[in-house]
Amino acid sequence: MFIKGSGACSECGTALRRSNFRLQLFEDPYIEKEIDIRKMILKDFNKKEEDFTSLKDYNDYLEMVESIIYNLTNNIDVESTKKQIEFYKKDNKDLIKKNKSKLSKDEEYLEMLIQQEKQESEVQRQLLQEDEARQKNMKLKNKETLIDELMFSEMSAADIMASHRELTKVTDTSSTLPKKATTEFSTGIKMGVQDTYIPLSKVETGELYKYEPVEVFMCGPKFLSEEELAILGYLNHVRGASNPDRGGGYRSVMACQRALQDSYCGLYYFPDSGAAS
Amino acid sequence: MFSTSSQLKYWTFRGETELAELRKEANQRFRQEHGSDMMVEKQAKYFLTAAEEKLLIRHFEFILREFCVRFLPPMPKYVLGTALSYFKRFYVHNSVMDYHPRDIMLTSVYLASKVEEFNVNISQFVGNLKGDREKFASIILGFELLLMDKLHYHLTVHNPFRPLEGFLIDLKTKFKGVDDVEKLRKGAEEFLDKSLSTDACLLFSPSQLALAAVLSSGSKEGMNLESYATDVLLAGAKEDEQRKTIYQIKRIRYIVKNQEPMLRDQIGPIQKKLEQCRNQENNPESEIYKRKLEEMFEEEEEIQSMKRARMEEAQKKEEQLLLGK
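Top line first, the protein sequences correspond to chains S and X.
Okay, so the first sequence: first residue is 1 according to the UniProt record's numbering, each after it adds one.
Okay, so the second sequence: first residue is 1 according to the UniProt record's numbering, each after it adds one.
In silico lysine to any residue, SDA-like type, Cα no more than 20 Å apart, as pairs:
#1 S:K222 / X:E241
#2 X:K176 / S:L235
#3 S:K105 / S:L42
#4 X:K273 / X:S286
#5 X:K172 / S:S252
#6 S:K222 / X:T230
#7 X:K24 / X:F13
#8 S:K222 / X:M1
#9 S:K222 / X:E239
#10 X:K88 / S:P271
#11 S:K222 / X:K238
#12 X:K183 / S:N236
Since the hints were derived computationally from the structure, they do not count as laboratory data.
Please work from the sequences and hints to get the whole structure.
Here it is in structure tokens:
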């Protein structure tokens with residue numbers, strides 16, 4: 001079919017070009033089609049927000065674009081929609097041309113950001129390079145002086161080596177790069193400076209919380225706290241907690257207190273007193 | 001804690017007379033619902049009496065205990081205690097003729113093993129039964145929700161077993177009058193076992209039961225624990241409270257000691273009678289039950305399909321609205 005590079009579809013007769021075929025990117029051919037149409041439409045419908053007097057107009061315009069795309073992808077009123085597009089093209093010829101070469105404000109801003117980032121990394125790279133070169137020079141120089149000294153000095157070789165080592169140590173540490181403190185987060189928000197002041201909304205203050213001990217209705221003798229249990233020696237009569245037990249947060253006093261609480265609780269239950277309802 | 005529990009609020013009754021009355025009411029209710037067209041004499045012959053019901057319940061309590069004791073894997077005592085509590089509570093407000101105790105018994109044990117975190121699944125559970133296990137499984141699962149409903153979802157049961165441990169610890173720590181407290185354990189546990197076949201768990205607090213068990217075991221072993229109760233445990237109590245508590249303990253010991261003997265030879269005829277007069281709607285083997293179940297399923301399906309249709313319609317409407325048609 002594409003022997004000549006183009007041909008008509010064998011079924012519907014639409015003219016097809018080999019160069020217009022490509023691999024399907026999305027699983028759903030519907031989406032693929034929609035994106036294709038969108039690309040085509042947006043080439044002409046390229047008005048920017050600045051071209052409108054009000055936000056509402058701009059939004060109406062966007063809506064119109066969307067409905068055109070929707071109609072085309074879903075084969076609704078294709079003819080009239082195409083006509084509409086033609087009209088639009090004719091009406092806005094100049095503007096379309098102009099906007100083709102113009103970036104919108106948002107795009108401009110992004111472009112600027114990218115530029116800035118590029119510059120910064122360039123500066124950083126240069127600094128690093130310079131530093132490396134300097135260090136290399138320094139090392140070379142040190143070596144030379146060492147050899148010179150070894151050749152001409154009257155000190156013993158060991159002493160020279162020792163003093164030299166000290167020297168290189170000093171220079172090594174001094175060669176660190178003067179670091180520029182980061183003043184921005186990667187999102188572009190300035191560090192440290194919080195110039196956006198959010199006023200705290202005034203909170204209605206209710207009554208202050210006052211702790212009141214929980215009163216437990218025991219229906220029995222007063223039961224003992226964990227400390228009292230330990231002091232009175234109750235823990236000598238329960239199984240001690242093993243290490244795995246303790247690891248799990250268990251203490252022998254828990255079981256002890258629970259058992260005792262259960263045995264005290266409800267002792268004063270009498271069917272004719274208030275305890276029973 | 002027992003003192004703030006649903007057990008105290010709803011399932012601890014004033015006394016045996018109140019229990020007997022409630023059971024009689026349940027019996028009467030059943031008679032009215034199912035025998036309103038009968039003559040009084042025929043009614044008397046046809047239906048079980050409250051006393052017969054009581055006998056049957058006791059019989060099945062016995063079977064329940066045997067089942068739990070023989071259960072594999074071995075079942076902790078508190079599961080048995082909880083299961084028996086469920087069983088007893090169920091038949092306070094329901095008649096034996098309405099729901100067969102055999103079904104409720106199995107369901108009680110199954111539910112109790114779940115609530116008390118004794119982990120057995122249904123196939124393991126019916127593995128302990130002889131006969132058609134699949135049928136048992138479907139009975140148990142069928143009655144489980146009903147049982148919970150009839151218990152008003154008050155599923156926490158305070159058993160006397162932990163309080164007993166508490167008293168033993170307390171005795172060891174505070175009371176010097178006994179040399180070997182552990183000797184008391186066996187007798188006390190036996191006492192609690194015996195108490196399970198009475199209505200004690202519907203009448204007293206678990207701690208009172210445990211204390212009664214300890215004191216009874218003490219007197220059996222020839223140890224004098226009276227002074228522990230009065231001078232140590234209840235030392236801080238008001239005189240009135242002390243007196244009443246001791247009276248409660250005496251009542252428990254009396255009830256547990258003087259149980260009526262089981263009249264096994266009467267059980268057979270009663271069961272035969274029950275087969276005649278029981279509510280067939282709640283008999284998993286009856287045709288009526290099966291039909292009811294089917295109807296329920298069909299109804300559910302109908303409701304489901306109706307729901308589905310309604311949802312579809314709503315969706316369609318919404319779509320049309322969106323399209324602006």
